[in-house]
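Trainee: Residue strings, one per chain:
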Amino acid sequence: RIMRPDDANVAGNVHGGTILKMIEEAGAIISTRHCNSQAGEPCVAALARVERTDFLSPVCIGEVANVSAEITYTSRHSVEVQVNVMSENILTGAKKVTNKATLWYVPLSLKNVNKVLEVPPIQYARKEQEDEGKKRYEEQKLDRLETKQRNGDVIFPIINPEPHTVGYSQSSLIHLVGPSDCTLLGFVHGGVTMKLMDEVAGIVAARHCKTNIVTASVDAINFHEKIKKGSVITISGRMTFTSNKSMEIEVFVDADPFVDEPRERYRAVSAFFTYVSLSKEGKPLPVPQLLTETEDEKRRFDEGKGRYLQTKAKRQAQEQQAARQ
Amino acid sequence: RIMRPDDANVAGNVHGGTILKMIEEAGAIISTRHCNSQAGEPCVAALARVERTDFLSPVCIGEVANVSAEITYTSRHSVEVQVNVMSENILTGAKKVTNKATLWYVPLSLKNVNKVLEVPPIQYARKEQEDEGKKRYEEQKLDRLETKQRNGDVIFPIINPEPHTVGYSQSSLIHLVGPSDCTLLGFVHGGVTMKLMDEVAGIVAARHCKTNIVTASVDAINFHEKIKKGSVITISGRMTFTSNKSMEIEVFVDADPFVDEPRERYRAVSAFFTYVSLSKEGKPLPVPQLLTETEDEKRRFDEGKGRYLQTKAKRQAQEQQAARQ
Amino acid sequence: RIMRPDDANVAGNVHGGTILKMIEEAGAIISTRHCNSQAGEPCVAALARVERTDFLSPVCIGEVANVSAEITYTSRHSVEVQVNVMSENILTGAKKVTNKATLWYVPLSLKNVNKVLEVPPIQYARKEQEDEGKKRYEEQKLDRLETKQRNGDVIFPIINPEPHTVGYSQSSLIHLVGPSDCTLLGFVHGGVTMKLMDEVAGIVAARHCKTNIVTASVDAINFHEKIKKGSVITISGRMTFTSNKSMEIEVFVDADPFVDEPRERYRAVSAFFTYVSLSKEGKPLPVPQLLTETEDEKRRFDEGKGRYLQTKAKRQAQEQQAARQ
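Protein chains in written order, with full-length UniProt numbering: chain G, 1 to 325; chain Y, 1 to 325; chain A, 1 to 325.
Keep in mind the hints are simulated off the structure, nothing from the lab.
Certain hints may be false.
As a list, the in silico PhoX-like pairs of lysine-lysine whose alpha-carbon atoms are at most 20 angstroms apart [stated by the list, open to error]:
| hint | chain 1 | residue 1 | chain 2 | residue 2 |
| --- | --- | --- | --- | --- |
| 1 | A | Lys195 | A | Lys245 |
| 2 | G | Lys229 | A | Lys312 |
| 3 | G | Lys229 | A | Lys228 |
| 4 | A | Lys96 | G | Lys210 |
| 5 | Y | Lys210 | Y | Lys283 |
| 6 | A | Lys210 | Y | Lys228 |
| 7 | G | Lys210 | A | Lys95 |
| 8 | G | Lys305 | G | Lys245 |
| 9 | Y | Lys115 | Y | Lys195 |
| 10 | A | Lys245 | A | Lys312 |
| 11 | A | Lys111 | G | Lys228 |
| 12 | A | Lys96 | Y | Lys210 |
Per the computed footprint, the stretches of chain Y lying under chain G, defined by three or more beta-carbons under 8 angstroms from a beta-carbon of chain G, are [to be verified]:
| hint | stretch |
| --- | --- |
| 13 | 85–94 |
| 14 | 153–161 |
Keep in mind that this is a model prediction, so the values were computed, not measured.
From the three backbone atoms N, C-alpha and C, an ideal C-beta is built for every residue, glycine too.
Just chain G, with the same shape it has in the complex (with noise of 0.2 angstroms):
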């Protein structure tokens, strides 16, 4: 569809959010018309992770994004969809690939909601790729149930902080979950939450370096609790690193089903985002150092450079390998 105005920063620049939430809704129409592709129980799927993603062009106003989808992998229980995305300026006629995103849905029953249902299983065209598939399905259900130990954590609010301290740019955003955010059994779309959460992330990098900011990549996203109609949501964001030209920022959402089950407040997501700093030309700018003061902050940013050393050693070895090819 046609970007406008709305999608876009001050800068004429589309939001991660925005992508994101379109690379969910064409993962969530095509496992969901895989899933209900043979006679049984119908089900709607539900988003379960989205894995790490990296923002390879910004997209502007007046370009199309143009999404395709595919199934890569089904395990019994879950489906793997790989979605592209190309932006095209149609007065030019210029395409460029701007993301690629690898998503697990998994299948719950339309009567049901807490029945996980079977995947009918696809057919690949070589064995590799089955093994392939599965290995990564191993790994990231490994790597979910680390996450789910890491949730416990609360952003607590900073009074006068000093500019490039944690808390001068933390931030916190809160949303009444309404029926066109939510899919058809009533629980919100994960690409709602990515968008609101980038959102969130956007705010704490522009409140932190004062420039004109886009989302280079996301971190996997890991979707342990669903969140119901009605709920308030508070979406909440803290920088945790910086390297020269980027920022990372965690963001966890939390879930307030107040009104029909007063039930406690829930942990329903959390992910990091990483920023990067643009000069009107389009150029990436040098990021303000991150001051940490705490135990906390200071653990916690030399994690985020843990982080950061191994996404950029795992690049190197990728562009070292195509060289080699």
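Following the hints, complete the assembly by docking chains Y and A onto the known chain G.
Mentor: What follows is chains Y and A alone, placed relative to chain G:
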């Protein structure tokens, strides 16, 4: 994309206007891309006309609408686009044709919005395709001239009207044109206008028969004048004709570009919408007859009857032809 | 949240209605949460009244609006909420107070929408806080009774009106109430109604003075009657008074619940909005005087003048008191 609660009326049927907006967006993308496919002045394709279109079957919340578009004819300064909409129930896999629409676009220069550029010619598989396209082009050109003259009418308000009279159901809506309603040139997307027109027509129809109503068809719509960002547009609708099971509503769009360049209010678009009334089970219901009071109302009723009988005759001829083949 | 292009008028100033909608959403969340904080029947807090509120400074596209809410008083069946809005320019770090609003909510049972539940009492830090709250409670109760009687007026259309008369700028808007406009109970959010009222009032003001206009204040608004999903609402506005640099516009909301339960059209809300006209540099401009023609228009002008002088006197008294302290 997936149809959401906000796209539909209370009975869960998606508004014809939502479908028209999607059709126009697809048409604008493909024709803008085509008109920029050769080196030259960059341009944006502006909607000039939509041919009469029937809504063959209603779309429901949760279904996916698949839109495909194809360029079927080019004249020197205009592009004909054929857009097909299929609705797909991703739970059952059932697909239905919802809509087939033909739209005409004109390329306007991005630098000088009043300059119409030349359209790169397309290649036809067979000579007859070009000839048939040319015939359609000549026909629509004639029709556009005719409606341009009809456009002078105004809807006068009536105080304390009786049920089932024209004055009882007539309705107006004002809308302030925002950035997201507009193309890169700063003029309202044709699809946005059509969505608002369908909204007003639907309110007129619902006020008349007080039941659940759906769009059955839209007559050809000509876009004579552009509408600028920041304008206030008034969309007015009045019922012109009722058959046993359908209602015809005339809709006018008037624009008021009052902020930037205080110009007189002008008529931008007008069209006829046909609605049917549906029971809870989705069966067509009888429609209360429209009570006409003035000479003008009687004349418009007769003209509406003429259009109704003509369409009916055309459809029967097509069905007989289809049966013979 | 970040203010987007669609939240603002052509000059980049965010609509007062967008702010009012955010304020109401925050109020609804905090009061619904409070009313469900003790075991008992689940309920949703419905807006009963908004006290007069001033827009202290305009908000621009790209700024972040921070909304905070606090419960300041509870009676047996109602909750008083104080909401503060700060706008923050995240590039410069500059913050301004935009708005301070006081809202009254009433808890309605989720099972039986006509049943008003009891409100859990709050604890006051000092006895005086409770006494002042009680005084505010009694005052607003009285005022609500008064406006209930005023509500019978209707706006009649005028044909070919002269510039600067009441008939020239009066405007109506119809809106079909969709799912996203409604609470879990299926009734329109008070904030949605206020946003539409501000939209009509803004169009009236812009038609009168043909410049860029912004909301300066809103008088107390009482919500006497609920509006159900699927209703058509007509929002009408007419200018009642002009001072040298401000315009007062009276806005009515009428509801037509015509589909489910064909009931007579009824007046749901009414209120006074005050607007000012701004130059391109953001300075207040003189406003053309309103030309009153009928006796009713002259009477309403005088009443508007009374409200204007009263507000002016109150503000001056406050400023003197502030200067003395």
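Trainee: Each hint should be assessed against the structure and marked as holding or not.
Mentor: These are the hints, each one checked on the structure:
no.	hint	result
1	A/Lys195 <-> A/Lys245	violated, 23 angstroms
2	G/Lys229 <-> A/Lys312	violated, 45 angstroms
3	G/Lys229 <-> A/Lys228	holds, 19 angstroms
4	A/Lys96 <-> G/Lys210	holds, 17 angstroms
5	Y/Lys210 <-> Y/Lys283	holds, 15 angstroms
6	A/Lys210 <-> Y/Lys228	holds, 15 angstroms
7	G/Lys210 <-> A/Lys95	holds, 14 angstroms
8	G/Lys305 <-> G/Lys245	holds, 13 angstroms
9	Y/Lys115 <-> Y/Lys195	violated, 27 angstroms
10	A/Lys245 <-> A/Lys312	holds, 13 angstroms
11	A/Lys111 <-> G/Lys228	holds, 18 angstroms
12	A/Lys96 <-> Y/Lys210	violated, 49 angstroms
13	85–94	holds (count 5)
14	153–161	violated (count 0)
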